[in-house]
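Taken in sequence, the protein lines are chains G and E. So for the first sequence, UniProt numbering puts the first residue at 1; every next one is plus one. So for the second sequence, UniProt numbering puts the first residue at 1; every next one is plus one.
In case anyone wonders, no lab produced these hints; they're calculated from the structure. Note that this is a predicted model, so its numbers are computed, not measured. Take the hints with a grain of salt, since some may be wrong.
Stretch by stretch, here's where chain E covers chain G in the computed footprint (C-beta under 8 Å, at least three residues) [claimed, not checked]: (1) 92-100; (2) 198-212; (3) 238-252; (4) 329-339; (5) 413-419.
Just some of the chain G residues that point at chain E, by a computed CB distance under 7 Å [stated by the list, open to error]: (6) PRO37; (7) GLY38; (8) ARG168; (9) LEU174; (10) THR178; (11) VAL222; (12) ARG227; (13) PHE258; (14) PRO389; (15) VAL410; (16) GLY459; (17) THR462.
Where a beta carbon is used, it is the ideal one built from N, C-alpha and C, also for glycine.
Residue-level listing of the chains:
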Amino acid sequence: MNALNSLMDGFGTALTPLNLLWAAVGVLLGTAIGVLPGIGPAMAVALLLPVTYGLDPTGAFIMFAGIYYGAMFGGSTTSILLNTPGESAAVVAAMEGNPMAKSGRGAQALAAAAVGHFAGGMVGTLLLVALAPTVAELAVDIGAPDYFAIMVLAFIAVTSVLGSSRIRGLASLLIGLTIGLIGLDQMTGQQRLTFGSLHLADGVDVVIVAVGLFAIGEALWVAAHLRRRPPEPIPVGRPWLGRADLRRAWKSWARGPFIGFPFGAIPAGGAEIPTFLSYVTEKRLSKHKDEWGKGAIEGVAGPESAASASAAGTLVSMLTLGLPTTAVAAVMLAAFQQYGIQPGPLLFEREPDLVWGLIASLFVGMVLLLALNLPLAPLWAKLLRVPRPYLYAGIMFFAAVGAYAVGGEVIDLVLLLVIGLIGFGMRRYGLPVLPAVIGVILGPAAEQQLRRALQISDGSVTGLVNTPFSVTVYAVVVLLLAWPLLRKALPRRTTTTPEAPEPRTPSGRSA
Amino acid sequence: MTTASTPTPGPGAKPAPETKPTAPRTPRSWLRDHSELGVGALLLALGVLVLNDALTMDVDITQRGPVGPKTVPVVVGVGLLVVAALLAVDVLRGGRGQAETGEDVDLGEPADWRTVLLLSGVFLGSAVLIEPLGFPAAGALLFWGAAYALGSRRVDRDPLIAAVLSLAAYALFDKLLGVPLPGGPLMGVL
Chain G
1 MNALNSLMDG FGTALTPLNL LWAAVGVLLG TAIGVLPGIG PAMAVALLLP VTYGLDPTGA
61 FIMFAGIYYG AMFGGSTTSI LLNTPGESAA VVAAMEGNPM AKSGRGAQAL AAAAVGHFAG
121 GMVGTLLLVA LAPTVAELAV DIGAPDYFAI MVLAFIAVTS VLGSSRIRGL ASLLIGLTIG
181 LIGLDQMTGQ QRLTFGSLHL ADGVDVVIVA VGLFAIGEAL WVAAHLRRRP PEPIPVGRPW
241 LGRADLRRAW KSWARGPFIG FPFGAIPAGG AEIPTFLSYV TEKRLSKHKD EWGKGAIEGV
301 AGPESAASAS AAGTLVSMLT LGLPTTAVAA VMLAAFQQYG IQPGPLLFER EPDLVWGLIA
361 SLFVGMVLLL ALNLPLAPLW AKLLRVPRPY LYAGIMFFAA VGAYAVGGEV IDLVLLLVIG
421 LIGFGMRRYG LPVLPAVIGV ILGPAAEQQL RRALQISDGS VTGLVNTPFS VTVYAVVVLL
481 LAWPLLRKAL PRRTTTTPEA PEPRTPSGRS A
Chain E
1 MTTASTPTPG PGAKPAPETK PTAPRTPRSW LRDHSELGVG ALLLALGVLV LNDALTMDVD
61 ITQRGPVGPK TVPVVVGVGL LVVAALLAVD VLRGGRGQAE TGEDVDLGEP ADWRTVLLLS
121 GVFLGSAVLI EPLGFPAAGA LLFWGAAYAL GSRRVDRDPL IAAVLSLAAY ALFDKLLGVP
181 LPGGPLMGVL
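Extracted from the complex, chain G is given alone in its bound form (with noise of 0.2 Å):
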């Protein structure tokens, strides 16, 4: 099979020894930016964007790679030992897994995640090889009305999958969408919101906006709300697992991927969902439900193997399509852009190299994640008790860094302080931010994608519907925006307990 070959191939980018010393370095520096907390998957390659000016392509998606996949192993780690997780992905792994650390079993919590997204990563990495080539290859003719389908339902999906707020949702986008507009219009050079400014006149670049929503926005937001005493870590010993847990615990393993791959693949929130129905899963199934809520090792595994395998459905979408599911995934396209690189069904014949590389650097970062996590865990867990003021110090100075070394200009700190402002703005009143930063990258593409399939169908809106592959989609958008409306015609199976089914603040925190 070809796809094999081309595995082969990548193998042979990913194994030379300075492709592996940058997959080395993002686990480990992935592991312990997701351990600190308060810094997530997405701040980590956000605040790590500004090393693409000084590496080559490909060594930096490997290391981008590595980073996505130690971060989320790192969050979990700091949903078992401190059970306030950040990330909405970490929440099910507190769920049992900071029981079972209170229990003395956190040396165990801590391997079965290990080990789940060891599983999860190397399942969902496969699957990755076998659809990716499939779906590139049946994306390959499409068009500017495509692309701009594929757009708007990233647009859609993001404003109304994800949240609580449709109408929150889509301020934060038209926020994005208004940042995307700022600068030279790319068709006719028409300069738009620029104020007469030369340095608008080139627009805000990414790296700025999603450094300043992710990074800078959180420092702040946190410093207004700091907790005056952190939460106490658990100490841990060096993870180890017993027969009696392996026999527990594989059959989790080998399940999550399967629930988390797909949800990953689509635009439905990333790994939040699919741990979620991985851990009910798991419950049912369960032959020791009396454990459950005590720290049943169950619902640590198969959760932590379905977060993995969905980050690698995540790249199958963004790989192939240019759709980013996740915030990480949007950010690592903002990287691809700094490249003038564009994802879609195209990179896997322009780019072979790069695409193949990354995609065997995930196994080899798989396995060094493994290897290096197991014995540094004690290690990891020492992070945690990082003095704040430092921690968020360091985040607004790296953000700093970064937004300077985009041009080695001051004033595009400010821009980045006013982003930053805009960004605790919509913590403080709950607009998510993933829909600014996907209006930011998709927005200026989605508009040329637009004025191209109108000129070429000259300004008929059949133009943008003339092809099965978008129909399709915006069937799916139809679907979606009709969601609630459905929902609430169906006849519901719960009438009495609305909130039942909504996991998402962890026990143990006051609203």
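Please arrange chain E on chain G, whose structure you already have, making use of the hints.
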């Protein structure tokens, strides 16, 4: 109530905020309760700005194709106005955006504006100092200042960490990754 969406108790039953049996409300407390209306106002202002920019564009010569540079800004501007109105309605009907939670976030306490202002000030100050002082010095000031703003008072340790971090970042970016950062007079001496 954890969700931020409009509460819809049933078809036709509109919740009337005026009839809520709460303590006597002063205009001030009403404003504090409804401060999210400010978000709507900002969206409205942004919409007007975008529309104004789009409609004053002079495009007849440069325009190519049926959709010129005006169309999308007009759509975005109108969208902003509509969302501003919808958000205002949602807030008046009792909808609230849910403030973000996190590992280090304690929403039980009122917002600490002093820290936010101090942090922003330190950030701006260091930004201005990058060019005259060079990146290592300005970066160290940024870290130290930010740590101070966030409550760290270790005069022995903080500046040291700041200096090491800043020099390391400078070396990493300027020397290793080839991203030029200004060294300033300090690096000229070293």
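So, as I understand it, the hint says ARG227/G touches chain E; can you test that by seeing if any CB pair is closer than 7 Å?
Hint holds; ARG227/G Cβ to chain E Cβ min 4 Å, cut 7 Å.
Has the region 198-212 of chain G got at least three residues whose CB is nearer than 8 Å to a CB belonging to chain E?
violated (count 0)
Hinted contact ARG168/G with chain E - closest CB pair below 7 Å:
Since the shortest Cβ distance to chain E is 6 Å, the answer is holds.
Would the hint on PHE258/G be counted as holding, given a Cβ-Cβ threshold of 7 Å to chain E?
With a closest approach of 30 Å, the PHE258/G hint is violated.
Please check whether the region 329-339 of chain G has three or more residues whose CB lies within less than 8 Å of a CB on chain E.
violated (count 0)
Report holds or violated for chain E covering the region 238-252 of chain G, Cβ cut-off 8 Å, minimum 3 residues.
Coverage by chain E is violated for the region 238-252 of chain G (0 residues, Cβ < 8 Å).
Hold the hint about GLY459/G up to the distance rule: shortest CB distance to chain E must be less than 7 Å.
It holds, given that the least Cβ distance between GLY459/G and chain E is near 3 Å, below 7 Å.
Hold the hint about THR178/G up to the distance rule: shortest CB distance to chain E must be less than 7 Å.
6 Å, holds
Go through the hint on VAL410/G and say holds or violated, using the shortest Cβ distance to chain E against 7 Å.
5 Å, holds
Within the assertion that chain E covers the region 413-419 of chain G, do at least three residues meet a Cβ-to-Cβ distance smaller than 8 Å?
holds (count 3)
Hey, does the GLY38/G contact hint survive, CB to chain E under 7 Å?
Cβ of GLY38/G sits 5 Å from chain E, so the hint holds.
Verify the interface restraint on THR462/G: the C-beta must sit less than 7 Å from at least one C-beta of chain E.
12 Å, violated
Violation of the numbered hints given earlier is confined to hints 1, 2, 3, 4, 13, 17; the remaining hints are satisfied by the structure.
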